[in-house]
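*Asks:* What follows is the residue order along each chain.
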Amino acid sequence: MKVRLLLLTLGLIVAASLVGPVVSPHTVSEVSTARLAPPSLHHLLGTDLHGRDLLTRLLYGGRISLLVGFVGASVSLFVGVTYGLIAGYWGGRADEAMMRLVDILYALPRIVLVIVLITLFDLKLKTLLDGTFLSSLAPHARLLLLFVGLGLVEWLTLARIVRTQVLSIKERPFVLSARLMGQSTPTILFRQILPQVFPIVLTYLTLALPAVILEESFLSFLGLGVQAPLASWGTLLADGAALLNPIETPWWCTLFPALLLTSTLLILNFLGDQLRQPQK
Amino acid sequence: MTLCRGIPGLTGLTLALSFLSACQTRPRADLVICNGAEPQTLDPALVSGQLEGRLCSALYEGLTRRDSRGRPVPGSAERWEVSQDGKTYTFHLRPNLHWSNGDPLTSADFRFSWLRALDPKTASPYSEILFGISGAKEFQSGKSKAESVRIETPDPLTLVVHLDHPTPYFPSLTSFTTYLPVHRATVEKYGDRWTQPETWVGNGTYRLMDWKINDRVSLEKNPRYHTPDRVRLSRIDALAVSRASTAFNLYSSGQADLLLDKGLIPALILPHLRGRPDFHPGPLLATYFYRFNVTRPPFQDVRIRRAFALAIDKESIVEKITRGNEPVAQTLTPRGIPGYRPPEGLPSDPSTAQGLLRMAGYPEGHGFPRVSLLYNKSELNEQIAVEIQAQWKRVLGVEVELRNQEWATYLRSLDDLDFDIARSSWVGDYDDPNTFLDCFVTGRGNNRTGWSDPTYDSLLNRALSEPNLSQRLNLLAEAESILVTQAFPIVPIYHFVGCLMFDPDKWDGLYPNLLDEHPFSEIGRVQK
Amino acid sequence: MISFLLRRLLSSLPVALIVLATCFLLVRLAPGSPFTSERALDPATRQMLESKFGLGGSLPQQLMLYLHNVLQGDLGESLKFRGRTVVEIIQQSLPRSLLLGSISFVLALAVGIPLGAFAAARQGGGTGRWLNGFALLTLSIPTFVLAPVAVLFFSFGIPLFPPAGWGTPSQLVLPALCLALPFVGVCARLTRSGLLETIGTDFVRTARAKGVSEPSLIFLHALRPALLPLVAYAGPLAASILTGSLVIEEIFAVPGVGQFFVSGVINRDVFLVSGVVLIYCLLLLLFNLIADWLAALLDPRIRMET
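Quick note, the sequences are listed as chains H, U and W, same order.
Residues in the first sequence are numbered from 0 upward in steps of one, following numbering that gives the first Met the number 0.
Residues in the second sequence are numbered from 0 upward in steps of one, following numbering that gives the first Met the number 0.
Residues in the third sequence are numbered from 0 upward in steps of one, following numbering that gives the first Met the number 0.
The set of hints was computed from the structure by calculation and includes no laboratory data.
Treat the numbers as computed from the prediction; the structure is a model and nothing was measured.
Do not rely on the hints blindly, as some may be mistaken.
Unchecked claim - Here are the simulated BS3-like cross-link-like pairs (lysine-lysine), alpha carbons at most 25 angstroms apart as the crow flies:
hint : chain 1 : residue 1 : chain 2 : residue 2
1    : U       : 211       : W       : 79
2    : U       : 142       : W       : 51
3    : W       : 51        : U       : 144
4    : W       : 51        : U       : 120
5    : U       : 136       : U       : 120
Bound-form chain H, shown alone:
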């Protein structure tokens, strides 16, 4: 019952992000004279410094943020879990080498990775996309590269966590017996061990999601992510936070993005919790 309610709300947020900007009487970049107007009937959540409708921008931002979160989390999931499983199970030299690679990637500053990615490939990707059926994506080439940049680093922590778990799990009797029974390594990894680490993976994913969404806003701030006048939840939140001061604060510019982001994450988290109950 509760799960349905949560799913319904999440579905609503996703649907509103997809449909909202289309049906809204305002557009995402439309500037008006009603600057920093508090919430009213005309602008349900108020307007920003340029008089743009905050609700419309939030819904549009949802598309980008949810996508960024989804991409980041999936890369984490697939690359991180597989890598961690293999490193932990093989152990010894292979594990040693694989973990040092993780350390190397982890130690490199991400901004410089993203800057180099974007400058080396931004134009190339744009021209490449322009020639194909994906040409509508061309203006977003930079966003795609941002995904690649985030993907390169998002799986590292999860790989470490999974690997530590596997180091412990692989010594347990059921794994040993599976090995004695002659089960193949992939079977042992994905049938026997994976279910054991899955709960912690799920928990970590719910931690990685806000991290990726916020990382995007930071990179956007440096000029490496979403291009104005488009927006993501992260950039809206950052823009709102920049307006905070002890004299006059347009609270709606910070509160609503924060509320939307936080409640989405809370829902995802509780869903994650529900998801692992039946496994017990």
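Starting from the known structure of chain H, fit chains U and W onto it as the hints suggest.
*Replies:* Showing chains U and W alone in chain H's frame:
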């Protein structure tokens, strides 16, 4: 389990120790200033920024100096003469000048320092400002030796400088950072590291006591300054704070007494501050403008540049975004330069703009190619860009893409002319229109538009050698009029406003002025 | 044990060198020069500066020269902050970051672990849900929102702490709290989920059957193995929290080392970035080593000598 108990104990100990070492509490300085970001250098030959220049004018004193209203007054030189043709200046130093370590200061020190700033090995970013001196340019570009630069020191108290052209503002130019003297023995002994507090030597009103990166520069009254009684406060701390809201918070909570930089007050609250007694706005010699890349279509076409320029509603930018009562800019040179009357610029004119675009072949923006507006996302650049993008769309029907690049990439794009339209700003170095207009001479590094006009170049050249002051300024005005009413390689948008914040019941000796000069030595507590 | 440590230390050196070299190359590959500014620099002057700082030759030559210097203990000079060596900059700013970071790290663990444990013990009940919700809340509010809001409330609303600055203990309170809070949530979540797993395992069921009380069950028996994921996470966390954060340092005017990771890259100050990245990398390797050792200590099934 012992391990679990040991860890908190150990961490506690480490914490306490590092705490003691990291927090040496100092008594508060007489005056605490928010000076902007961390100074990149305190070597006058290497300085290129305003905040470093401000500290240098307290640490060193040139032949002349600026007073608290920005006027040039005698500094290390007590008087000077100029030859009939206006090209030779003879400066007479004060007797008994000393460096902060007690060494005597002579005219040879000035000659050494100026030659050092010109020396290609020093790689000074501002050596250009010394190019008025005969032979300076050739020496800087490696074509001749230091001896051919015509600076002479007939005796320890006299400095004779020969200039290529009559330069009526030369004495005031010698107060500029690049002209400040440095102590030869120290520079030669310690190389790049001489500006560290342990080794530093200077001749200014203050000496360098401490300099912690990203924290503060601590200054103390220099007892060897020639008129130490003139200096009112004995200790000044200049905090390195780059974020406006942080600086303003420090000021509001009384941890800082004075906000000096124009970027240190959040724009959003400027209207609320306007009536307050501690808010002191004043015009500045600085302009915010957009550049067009004239080397590629569509902005090769002057009609299109003009259309884009006329379509901008500058008033609304100033009113809604910058919010500091900034004067709208129709010319590159701000008003207020003594004797100079900038040409009449063109006010915003949407219908003419639409007409021009139609004539250029894009009625209501139909078929206009994809162009972008380049900026770096700091301060208000993005907000201004969003606003102007919307104005162009409304007036011209053209959809301009916004292109935000991080700092170094942005500069690279400017240098490579890899943009269509780009945001820019320029701060005048001295109060003469030349400091603005020289940027757009053909081939100058600061041109960054690809624009070239022989008439403009020759007007500036003629102005350079024109002995008659008002005639010279007329020539410059004529050149500027080409820039902002005919050719439009740039669109001026607004002139900056300087904003000081301090409590006038506590502090005096601070006056807003065009050059944003606020010598620390003249700041003091109000005597009740 | 000893051979494990030795091997890890030996393998750390090449890792650090690879990180250093890659970082150097990436920053040099990024467009733009460390010497340009809003005012244009003439090409001759730029070349002079480049050769002065050993950035003149081809990219491999520059890299070789840099690595050669590093191996002799010379990390070079900052290109932006002229006349300061990288070592000196790190010496000045790292202790401040270490101080702030260690307070925050201890706070994050000291609040996060009990919070997670209680949330697990009260799982399903109202308290558990609230604790869990609180943990989630802390980690989904970014520091760049949290810090200005904290300043508004605790410096201006109720003037308890100074809004920014460095030098007195009271100036540490807000930045330390704001730096720690998001990690409180992470620690709590990882502890909770680890506990929920171990509570279901055989040995805890046995203990419970033996009549061990619920609190001691959780804190004495189940917590040790349940902390494994947290320990794996805490290695990288310690390294990054101890090297500071750009946002915290900017908002609270803390003169730490964290901002150089970003401003150094923005300014293309290649020696400074590589220097701070090297420090970070060494800390990371050290803490990962400690984490692996702690993991083996917590769970004897993990063998180090494999």
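*Asks:* The structure should be examined with respect to each hint, and the outcome stated for every one.
*Replies:* Structure-based check of all given hints:
no.	hint	in the structure
1	211/U <-> 79/W	holds (15 angstroms)
2	142/U <-> 51/W	holds (20 angstroms)
3	51/W <-> 144/U	holds (20 angstroms)
4	51/W <-> 120/U	holds (9 angstroms)
5	136/U <-> 120/U	holds (14 angstroms)
Hint compliance for this structure: no hint is broken.
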